[in-house]
Amino acid sequence: MKKLYSNKLTIILFILPALLLFALILFAPIFVSGYYSLFDWNGFGKMNFIGIENYKELFTSNSIGFLKALGNALLLALLSVGVQLPLALGLALLLGKGRKGERAFLSIYFVPVLISTVVIGQLWLKIYNSSYGILNAFLRSIGLDNLTRIWLDRDTALGATFVPILWQYVGYHMLLMYAGIKSVPVQYREAAMIDGAKEGQINRYIILPCIKPILKISTIFAVTGSLKSFDLIYVLTNGGPLHATEVPSTLMISMLFLRNRYGMGSTIAFLLIILCFAFALIIGRMFKDKEED
Amino acid sequence: MKKVIALLLAMVMMMSLVACGKSSSDETSKDGSSETIDLTMWCIATESDSNRHAYEASIADFKAAHPEINLTWEATQNQEYKTKIKAAVAANEMPDIFFTWSCAFLGEFVDAGRVYCVDDVYAQYASELPEVMMGNVKFDGKYYGVPTTLNIVGMFSNMELLKEVGYDEVPATYEELIECCDALVAQGIIPFGCSGKETWCVTEYLESIIEKTAGASVLNDIFAGNASWDNDDVAKAVGIFQEMIDKNYFDPEGIALSNDEVKANFIAGKYAFYMNGTWNCADFDKAGLSDKIQVAEFPVIDSSKSKLGELIGGPSDTLAVAASSKNAKVAAESAFEIAKGICRYGYLDGNGLPAWTPDYDYSSINSLTQSVADIVANSSQMVLFGDTAMAADNANIYLDYVSQIYSSVINGQEFVDGLTKDIK
Amino acid sequence: MVKLNDIFVNRNKKSGNLVKSKGKEVWVYILFGIWALINLFPIYWMFTFSLKSNGEIFGENVAGLPREWLWSNYKRAMAVGNIGRYFANSVFIAIVTIVIVMLVSLMATFALTRFIWKGRKQMNKFFMLGLTIPIHASIVPIYVILSKLSLLNTYSALIIPYSAFSLAMGILVCTGFMQDLPMELDEAACIDGCGAWGIFFRIIVPLMKPAVATVSIYTFLQCWNELMFSTIFISDSTHKTLPVGVQALSGQYMTEWGPIGAALVIATFPTLIFYAFFSKRIQESFITGAIKG
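Top line first, the protein sequences correspond to chains W, Y and U.
Residues in the first sequence are numbered from 1 upward in steps of one, following my numbering.
Residues in the second sequence are numbered from 294 upward in steps of one, following my numbering.
Residues in the third sequence are numbered from 718 upward in steps of one, following my numbering.
Wrong hints could be hidden among the right ones.
[Claimed, not checked] Derived DSBU-like pairs: lysine-lysine, alpha-carbon spacing no greater than 30 Å straight-line:
no., chain 1, residue 1, chain 2, residue 2
1, Y, K356, Y, K435
2, Y, K379, Y, K585
3, W, K68, Y, K714
4, Y, K490, W, K46
5, U, K838, W, K198
6, Y, K356, W, K56
7, U, K741, W, K198
8, W, K216, U, K739
9, W, K46, Y, K622
[Claimed, not checked] Some, not all, of what chain Y presents toward chain W, calculated at C-beta under 10 Å:
no., residue
10, Y374
11, K375
12, R407
13, L692
14, Q697
[Said to hold, decoys possible] Looking from chain Y toward chain W, a few residues come up when the C-beta cut is under 10 Å (computed):
no., residue
15, S341
16, S343
17, H346
18, F402
19, D404
20, A405
21, I471
22, A549
23, S551
24, D686
25, A688
26, I690
27, D693
28, I716
Hints listed in this document are in silico derivations from the structure and should not be mistaken for laboratory results.
Positions of the beta carbon are idealized from the N, C-alpha and C atoms, including for glycine.
Throw the hints in and build the complete structure from the sequences for me.
Quick look at the structure:
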């Protein structure tokens, strides 16, 4: 048995496919992206080494507007943490108490997560449509004609694209938190109630500390997800009008496929990876500090 | 046995990863002679494309005339094609003949050494294809493609609406045009329709105005990178354009509309004028508007610098041959013949004007296309569309600034300053 | 922390007594109801307008059930929009990806959990890193490689990266399940004369059904909804997936809502029907994916 399970060749054969896929598709590209980011390259011509010029240009050029795109993504992250997560937590706390029909509600709230972002995006395009969209139709029907507008126009586009992004994933975070709350043993809660603790106190002192690891995960997902957000914005506005809704991912795509700037596209990709890792570390650290308090 | 199967499975798994390394060079090159020659061709004439018939007819003719050549062709939708052809160029897996836009788009491929020089073949056709039409496929004195049709920007005018404000003819001078627009606005008629969602539509207006203010040579030099954007006349022209927007000459809803929607509005009689490419002639003719619509060039704004006959447009649709083609010479000759056919059928269909000198009867062509032909016949200089003339990166920076102009986020001075700084 | 997989077991413990005042309860349910409406209404609206004519959608009957059920919208989406083809492509890509992910991750897990070798812990950590790598990282290098090998516009252009990006999750879940299998099984098989491959295929794999279900669901949803890779790597219509196809369709037929709605429904209903039957499993697979990552 032992001999069988320490045969080097067998081990290699079993692990190799996974290792190859991983190394070639997941890891190598990170370094290659970093490498490409040092070149001026249109994808098929000669590659000109330019050092960190791409990074310099990215942060200084107005015509690229990277800082604005990054700002938009950070704003989305902020809203995610500030609006989406509290909403999800509230719902999860209410659902997690063992009410009749909680499973049904839970299942309903999770539906948007399952739907393809393209579908959601197309759907919201129709909702926002200025002439025939249901949002303006609704406003008109309740007599608020003066509020109707072109929702995806410059002034409101950013808000209008954020709403479905935040909406879609409330259910996701809620599910995670609900799972966490459900895993808190009922006895804890009962004991607290016997001691005369109010609902708010139970939530504050028993449930929340228990689900802290989940809150951490949710926060990391919300922040890195916002930094990487692409699908819905691509479908709704593709970064427009006039870059009002540009985020790093949409900028990366237009660098690559509109402007033929593979070096610059790689620069954005590389920065995104670094930012995602950095934020994940920072958030992890923040939750750790609190735990030590 | 199971062991063997499992091992095989594992091997297949790995193969599927490694198989990427296999390049598809399994074709054996042929030595010509009596054997048939296989040629492939890519283009953008999909079934919904107005050029579809021209391509089909021309290729049918070609096949009939050349039984020794086995030509297979496929069409891809415009946007997708751009990605596809670039990827093919990067992989050096191009078809023998491929559609391309002239000037910068083709130029990048030429720079990468992927395009076959057609000087020899052009020599055979020089009498039918005037040299002036080859300007956009000429790089370092060599020719790398063959144009099919050409298009210019035209100002389409709805004569019924103009009549309502007392104009029987398209305003011929800039002052008249302004008066006419004022009268239209006073009557509650929107003078111009322009899609803000598709920035190239805005350039059709802006480039015409710049050209008629600063002159064709100046604009040409700027697009070609031989002159700076920092030009007072350009700034002034942008100011004129924005003044027209401020005076409500443009449909305010246009900013959120696509070109198709704007065009439909124009056909429905919502706008008095619509400036766009002359490829629209066939569609307007089909919509039964031939006698209702007239086409003219934009009037001269500064007559000391520009004059009538200076147009925006030129031959852009081009066929080119891959340098990697095994039968490049044959492919190039085929490309010329096919292009000539496309030119002919396309012209007869009203999709544009011929780059090749017509040697056939074209009196049946719709009246709009014929008036465009007259305009082109009297033209002195053409400036190719800015987004075709400039390389992708610059073109997109340029389009960016143009859309800022249309939404009045920046003014003329900021436009020239910004472009001077950002265009490389 | 408590083991999270138990959440649906905990539910069975009668916990209704935790809820107190009746009056407050009504408000909680009203809140649940409103949030359910916010989640479901867009989807209801999508279903209805997929069956309406433009006249109804743009006219008075904006939100009601269709007066005339226009199934022809679906026919048009299939015929003109080629949605049937994209559907088949998506299904094919998802199935092949699932098979690859399952096989490769089961093999890797087998080597990681059963075999005795130096560095297997490190190897496991290495694989788990894959959970945090955003797909942005690899987009340029993979695009370049695919285009150099003329693999763009092939199914493998999507299947290979999709497999790689679902692999970490596959290994994670499989490890959880495989560790729970007693080693005695292997020993008995070994005595019966089975080799490593025999044990793997005859003993282990048949026992991994729950893991297979969880991983398949997760992988399926990843493939089914993915947009960025599929937009960039696939440009010809014979290989397009549903999200890209839907996106292209709505670009071409901007003004006709019915067929677009139909396409959206076609892209959505398989997941929804699936969800109706397996909601618990699906939710579990999301929870496992998040918590362990």
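Hints and how they fare:
1. Taking the CA atoms of K356(Y) and K435(Y), the gap is about 29 Å. The hint holds against a cut of 30 Å.
2. With a C-alpha separation of about 42 Å, the suggested pair K379(Y) and K585(Y) falls outside the 30 Å cut-off, and the hint is violated.
3. Using a Cα cut-off of 30 Å, the hinted pair K68(W) and K714(Y) holds, with the two alpha carbons roughly 19 Å apart.
4. Annotation: proposed proximity of K490(Y) to K46(W) is violated, straight-line Cα distance about 34 Å (limit 30 Å).
5. Straight-line distance between C-alpha atoms of K838(U) and K198(W) comes to about 46 Å, which puts the hinted pair past the 30 Å bound.
6. For the proposed pair K356(Y) and K56(W), the alpha carbon gap of about 54 Å is over 30 Å, so the pair is violated.
7. Proximity of K741(U) to K198(W) is assessed by CA-CA distance (about 14 Å); at most 30 Å being required, the pair is judged to hold.
8. A hinted pair counts as satisfied when its Cα atoms are at most 30 Å apart, and K216(W) with K739(U) does not qualify at roughly 34 Å.
9. Between the alpha carbons of K46(W) and K622(Y) the distance comes to roughly 26 Å, so the proposed pair stays at or under 30 Å and holds.
10. Annotation: interface hint on Y374(Y) violated; nearest CB of chain W at approximately 12 Å, more than 10 Å.
11. This hint holds: K375(Y) has a C-beta 8 Å from the nearest C-beta of chain W, less than the 10 Å allowed.
12. Because the beta carbon of R407(Y) sits about 7 Å from the nearest beta carbon in chain W, less than 10 Å, this interface hint is met.
13. Interface restraint check for L692(Y): the shortest CB-CB distance to chain W comes to about 9 Å, inside 10 Å, so the restraint holds.
14. Interface restraint check for Q697(Y): the shortest CB-CB distance to chain W comes to about 6 Å, inside 10 Å, so the restraint holds.
15. For S341(Y), the interface hint is violated, the least distance from its beta-carbon to any beta-carbon of chain W being 21 Å, above 10 Å.
16. Of the supplied interface hints, the one on S343(Y) is violated, with its beta-carbon coming no nearer than about 24 Å to a beta-carbon of chain W, more than 10 Å.
17. Look at H346(Y): its Cβ only gets to about 30 Å from chain W, farther than 10 Å, so that hint breaks.
18. Against a cut-off of 10 Å between C-beta atoms, the interface hint on F402(Y) holds, since the closest Cβ of chain W lies about 8 Å away.
19. With its C-beta approaching chain W no nearer than about 6 Å, D404(Y) sits inside the 10 Å limit, and its interface hint holds.
20. Look at A405(Y): its Cβ gets to within about 4 Å of chain W, closer than 10 Å, so that hint holds up.
21. At about 28 Å, the closest approach between the beta carbon of I471(Y) and any beta carbon in chain W exceeds 10 Å, and the interface hint on this residue is violated.
22. Interface restraint check: A549(Y) against chain W, minimum CB-CB distance 5 Å, threshold 10 Å, status holds.
23. A cut of 10 Å between beta carbons decides the hint on S551(Y): the least distance to chain W is about 12 Å, and the hint is violated.
24. Of the supplied interface hints, the one on D686(Y) holds, with its beta-carbon coming within about 4 Å of a beta-carbon of chain W, less than 10 Å.
25. For the restraint placing A688(Y) at the interface with chain W, the shortest Cβ-Cβ distance is roughly 8 Å, inside the 10 Å limit, so the hint holds.
26. Because the smallest distance between the Cβ of I690(Y) and any Cβ of chain W comes to about 5 Å, under 10 Å, the interface hint for this residue holds.
27. For D693(Y), the interface hint holds, since its Cβ comes within 10 Å of a Cβ in chain W; the closest pair sits about 6 Å apart.
28. Hint status for I716(Y) relative to chain W: holds, with the closest Cβ pair at about 9 Å, below 10 Å.
Consistency note: the structure conflicts with the earlier hints numbered 2, 4, 5, 6, 8, 10, 15, 16, 17, 21 and 23.
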